[in-house]
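Student: Residues per chain, in single letters:
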Amino acid sequence: MEKEILEHGLSFNRRRFLSTMSLGLGSVALGSLMIPNLLNGGDMDEAGFTPGIPHFAPKAKRVIYLFQNGAPSQMELFDYKPKLREMMGQEIPPSVRGNQRLTGMTANQASFPLAGSFVDFKQYGQAGAWVSDLMPYTAKIVDDLCIIKSMYTEAINHDPALTFLQTGSQQGNRPSMGAWLSYGLGNENKNLPDFTVLLSRGIGNGQGVYSKLWSNGFLDSIHQGVQFSKGEDPVLYIRDPEGMNRKERREMLDNLAELNQLSYEQFGDPEIAAKIKQYEMAYRMQTAVPEVMDLSKESDDIVKLYGPDCLVPGTYAANCLLARKLSENGVRFVQLYHQGWDQHGNLPFEIQSQAKDVDQASAALVTDLKQRGLLDETLVIWGGEFGRTSYSQGKLTKDNYGRDHHPRCFTIWMAGGGIKPGLVYGDTDEVGYNIARNPVHVHDFQATVLHLLGLNHEKLIFKHLGRRYRLTDVSGKVVRDIMS
Amino acid sequence: MSRKVIDYLEQLLLVFGIFIAFLLLFESKLVVPLWLQPLGRMHPLLLHFPIVMLLIAFGMEFFRFNPPNSSHSFYLLFLRNLWLIGAVLTGTTVVMGLFLAKEQGYDGQTLPWHKWTGVVVFYVALAGYWVRQQAWYQAAIAKGFVSIAALILVITGHFGAVLTHGDNFISGPLQTPESVPFDEAVVFDHVIQPIFEQKCVSCHNPDKIKGELMLTDQQSILKGGKTGKLFVPGQPQVSLLLQRIHLPLDDKKHMPPVGKVQLNPQEIMLLSLWIKANADFKKKVADLPVNDSLRLIAATLLAPVSAPQETFDFAAADEETIKKLTTEFRSIVPLAHESPALSVNFFNKNLYNPEKIKELAEIKKQVVFLNLAKMPVKDADLGQVVAFENLQKLNLNFTDITGKGLKELTSLKKLKNLSLAGTQISIKDLQAVIPSFQNLNTVAIWNTGLTPSEMQQLKKEFKNINFIEGFKDDGSNPIKLNPPQVKNSAMVFENSLAVLLSHPVKGVQIRYTTDGTEPDSIHSPLFTNQTVINNSTHIRAKAYKDGWYGSDVINFDFLKRTYKPDSVRLLLPLNRVHQAEGEKSFFDTKLGTFNANSPAWANNWIGVRNNDMALISEFKKPALVSSVELRIMEEVETGIFPPEKIEVWGGTNPNQLRLIATFKPSIPTQQRPHLLTIVGGKFKPQSVTFLKIVAKPLQKIPDWHSAKGRTALLLVDELLIN
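Residue numbers (our numbering), protein chains in the order written: chain A, 1 to 484; chain B, 1 to 722.
Take the hints with a grain of salt, since some may be wrong.
Only pairs whose alpha carbons sit at most 25 Å apart, straight line, appear in this in silico DSS-like list of lysine-lysine [as the list claims (entries may be wrong)]:
1) A:K190 / B:K393
2) A:K325 / A:K277
3) B:K506 / A:K297
4) B:K252 / A:K59
5) B:K684 / B:K621
6) A:K140 / B:K472
7) B:K480 / A:K297
8) B:K252 / B:K223
Pulled a few chain A residues facing chain B out of the computed Cβ check, cut under 10 Å [stated by the list, open to error]:
9) L305
10) D309
11) G330
Quick caveat, the hints were computed from the structure, so don't treat them as lab data. In this text, a Cβ means the ideal position worked out from N, Cα and C, and glycines have one as well.
In isolation and in its complexed conformation, chain A is listed as follows (with noise of 0.2 Å):
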C-alpha cells in the first residue's frame, strides 16, 4: 500500500513537473519565433542594421580622404604659434612634455630646442582662421572648412598610428573605414568598386603605405579597396584582349561563374562566392573605368583649378581630380595616400614642396565638388596620422631643423556633407606640444566620421571569432559641435 502512495505521488509529481516543463518550453519556442535564425545556427546580422542601408539620414553619401602620408607638421602649416619663435632655442619645460613616450629617433636627444616655424602665417576667411603662406589656396576657401587643431592619437610611429586611424586598431587585421562604409552602406553604381584607393608621392622624406590599410579585414572580400594604379592605365587588363568581344567575355564569365557556383556549393567557401562577384565587377567596370577615367573632356578652366598637374597621372592633383569623378559616379570612399611628409630633418625644404604638391588640388577639389552641387553630400578629409613636434629633431639653426613624431596634438580638416563650415575647433598650448581645449580623439573622429554618413558608429558591427568588432572598437563619441 505505502509503495503506491509512493509511486501516486512520484507519478503525480511527473505529472505536473512534465505540464510545467511544457509550460517553459513552450514560452522558449513562443520565443524562438521571433528570433529568426536562432534555432538553426545561421549567421545574422545585428538587430536594427541591414546592410546596405544608414540607420539614420546620413548628411553625406560619399567620402574622399586625402590622408596626407608621413605626417604633416601642424605648426608650418594650421597651427600657428608664435610663441615658439620668441621661445626659439629655448629647451621645452619638462613639465609640458611630462612623461610623454618618445621614438628611438629623439629619446636619446639631449638636448629638446623649441622650434618656431620658418614660415608666416596671415589670417583668412569671415572666421579668421590662422594659415601659413605654404598653402595659399587652402587659405582661400577656409570659410569652407572645418579645421580641427586638437585631434590626438595613440601610437607615435607611422604604420600603427596610420593603421589605427585607419582600421581602429593599431595592429592590422581589421577593415578599413572604406570597408565599413562599403560593408555598411553598400553600392551606389554597380559598375564601380566602392572603396578605391589612390597613391602619390613628393619629393620629402616617404614612410610606405601597405595594401592592409584598404584591407577588408573580415568582412566579404567584396568591400576591400581597390587601388588604382599610377600609369596610363588606372586598371590593368581594363580593356578585352584583341579578338575577343563582348559577347564572348560575357559566354566566357557565365561558364566560369557556373563552374564557380559548383565549386561553391561543394565546399561552402564564401570567397568563392565573392570571386563570383568579383567577376561581374570587373566586367561592368570595363564599360564604367574608361568613361571615368578620361581626363581630356575636363575643361581648361578645371585645368587650372587643379592645376596642370591634374593632366599628370600618378601626381596628387590628377588623383584629386580623379576621386572627385570617381565620387561624382558613386565611389563610397576615395582614399588617396600622398607620401612624403615624415620631415625628420631639412623640414623647411622638404614641406615646401610638399605643400606645394597638395594645396592647390586639395582646395580644388572642394571648390569643385561646391560647384557641383556635391560637397553637400560628400565629406572631404584632409590630415595625417599624427602631429610634429614643437622641438627640434638633430640640430637647430635658423633655417633648418626637423621635428619628430608627435601623437598629442595634430590639425586635420574636413568640408563637405554635414560639417560646420568656417570653423576652427579645438586648440593647442602656446608651444603647441599639448590639447589645450576640445580633444578629439581617432576613435571620436572615426564615430564623427561614420555618423555623418548615417551611421551609428555602436551599431556598425560585425561579429567575427566570437567578438562583435567596430571600427571605433569600444570608445568614440560623435563630436557633434562639428557638425551642422
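With chain A's structure known, arrange chain B on it following the hints.
Tutor: Same frame as chain A, now just chain B:
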C-alpha cells in the same frame, strides 16, 4: 476564484517568468513582426492596471499580519488573488514594453532605466507571490519587502512617464519656449542677446551692475561700462568685449571670470562676426547673404537642437519594386533606414535612354532626389521627370537640355535644388522660369553660356536664390605650367636616340637647350619630336603657353652606353637593403629615384658601405673602352656620398689586369640638395676583354656633417662603358 483559475494564472505567471527572461537574454536579436507591434503599443494603455493593483496589494500586504486582518479570511484571499492578477498583468505589460522598445525612437538614457526597473518589478511580484506563502515569511520581512517593491514600482512609473511625456512635462508650462521661425529671427534679439543672457547678464544687469556695465538692452550695450565702449562696429579685433573674452583664463580681467560658465567658440565667433558686420541691432538673419558665416552659424543655432528628420507624407514603395527597378546603371536608395523617400542616380550614359526614366513610374511619388548628370537627356525627356511630384533635388549638369525644357519643370512644386551646369541655357530662359518655381532655392549655372555679368544680374534679380557660379578662370591670376615630361622608355641608349618630350596640357610649346644654358621662350629651339642624339646629352627644357607662366626648367640626362658586357660578376658583397637585382642592375638601363633609404624605393639602387664595390665584366669580343662612368645618388643629409675613389682595371686575362685609370670625384663641402649625377671619366682608349671596376665608399664623412667620421653609403644604379 476557483482553484482551477488560480492554477491557470499561476502557470501563466511562470510562463511569463521564463518568457521574459528569454526575451531579455536574446534581446539584441529580437525582431518584432509587424503584426505584433500593435500589441507593443498597448503597453502604455495596460500599464496603469498592474501599477494600481500591485500598489494596493503591497499596501494590504504591509498590514497583513496586523490583527484583525491576519485572521480575516476574505482579506487574505482577496490579497492573494489581487497579487496574482497584478503579477500576471505586470508580466503582460513587461512583454508588451519589450516589444515597444524595439520600435524606433527610444534611444535615450531613460529607456534602459525604465526597462530594467520594470523587469525587477515583475520578478519581485513573481517571487513575492510564492515567498509570501512560506512559513518563515513574517511581518517584519513583509513590511520591508513591500516597501522596497513599492518604491521600485513608483520609480519605474516615473521613468515611463518621462519617456512618454518628456523630461520637463510637469514643469514645462513654467518655462518659456525659445523657438523663433528662421524668417523672423533678428540677429541681435535671437542670436546675440541670448548669449549675453546666458553667460553675462547674471553680473551685468540693473540689479548687479559690475564694472558699470549692463548687457540687458540696446542702450546699455551701446553705452558700454567703466572701461569704455564695448566695441567698435566693424572692427572685432580692437573691441573691448572680445579682448576681455580672449584674455587668458587666469587673467584677472578675463570675462566671464574663472568659475563662471565660459563662452564656447561658436558664441565667441558669433559675437565677433556680429561686430564685424557693424553690430546691427535690427537686421534679420534671413536678410544676410546666403553664404554669410553669421547667417550659417545662426541658422544652426536657430534650428531646433536635434532637427527632426524631414517627414514625408507618402507611403514607402514596395521593396520588391525597388529591387526590380534597381539596375547596374540606375541606383535607387532610401534616404535612410525606414524612410519612404528615395534617391535615384543614373550612371553610364551608353545605357541611358528616356525609357529608363519612364520605367520609374511605379515609384514616382517616392523619388525625392534625381541625378541625371552627364546623361544625354533631351528636353522631351523632362516630361517624364515632371511625373516625380515630390522631387526636391534635380541634377541635370552636362545634359542636352535647353531653356525650352525648363518650363516643364515649373510644375514640380517641391523642387528646391536644380543643377544646370554645362547645359545650353541662357539668361532669358532662367529669367522666364525662375519666378514660376515655388520652392526653388539653389540653382547651379556654371560652365553654361552665361557671362559673369549675366550671373551678377541674376543674383541681383533673384535675391532668395543661391546661384552656384563655379570657378571660372578670369586670367587675373596666371599659374605656372608644370614642366615637360620625357616619354622615352629608358634614358640609357646604345647608339642614337630620338628624344620624346611631351606636355599634358594642350597647346603647350616646349623649348630646350643641350648646352647647359637655361632655355627661354625666344632663343631656344622649339621641340618638335625630331631631335635625335648620338652622345650622352644633358637636355634642359621649359614649357610655355599663353595665359600661363612658363614652367620650371627640367633637366634630363640621356646617357649613352656603347658596351654591355656579356657577363658580370660581383667580387664583394652588397649592402643588405641595396641589393637591387645584383650585378644585373648595372646594365639594366633602369634608373633609380630619390628616397633610396626607404626599402620601398630602393629597388634600382646597388649600394655598399662596409666594403668596396667591386665587379668584373667580361666581353666575348674585345671592346675598345675609352670611358667608364657610374650614375650615383648623392643625398648628403642622409649620408649618401659619391665614392672616394674609382679604379678601372682592364686586360685580357682576369688574373693579370692592370690599372687603366683612377678617378677621385669631388666630395661635397657643405649641405646641398639631393642630386643624381655621374662620376668617373674618360681615359686613353684600351681594348679589353675583362674590365674590373672598384669604387670605394667615402671612408670618413667630413667634419661639418652630423655623422662625421663614419663611412658613407655609396649608391649606384647604372654603369656606362663607352
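Student: Each hint should be assessed against the structure and marked as holding or not.
Tutor: Comparing the hints with the structure gives:
1. A:K190 / B:K393: Cα-Cα ~22 Å, so holds.
2. A:K325 / A:K277: Satisfied, since the Cα-Cα distance of roughly 24 Å is no more than 25 Å.
3. B:K506 / A:K297: This hinted pair holds, its Cα atoms lying about 11 Å apart.
4. B:K252 / A:K59: Judged against 25 Å, a Cα distance of about 43 Å means the pair is violated.
5. B:K684 / B:K621: holds (19 Å)
6. A:K140 / B:K472: holds (15 Å)
7. B:K480 / A:K297: Answer holds: K480 (chain B) to K297 (chain A) is near 21 Å, not above 25 Å.
8. B:K252 / B:K223: holds (23 Å)
9. L305: Holds. Min distance 5 Å.
10. D309: This hint holds: D309 (chain A) lies near chain B, its Cβ roughly 5 Å from the closest one there, short of 10 Å.
11. G330: For G330 (chain A), the interface hint holds, since the closest Cβ of chain B sits about 6 Å away, which is under 10 Å.
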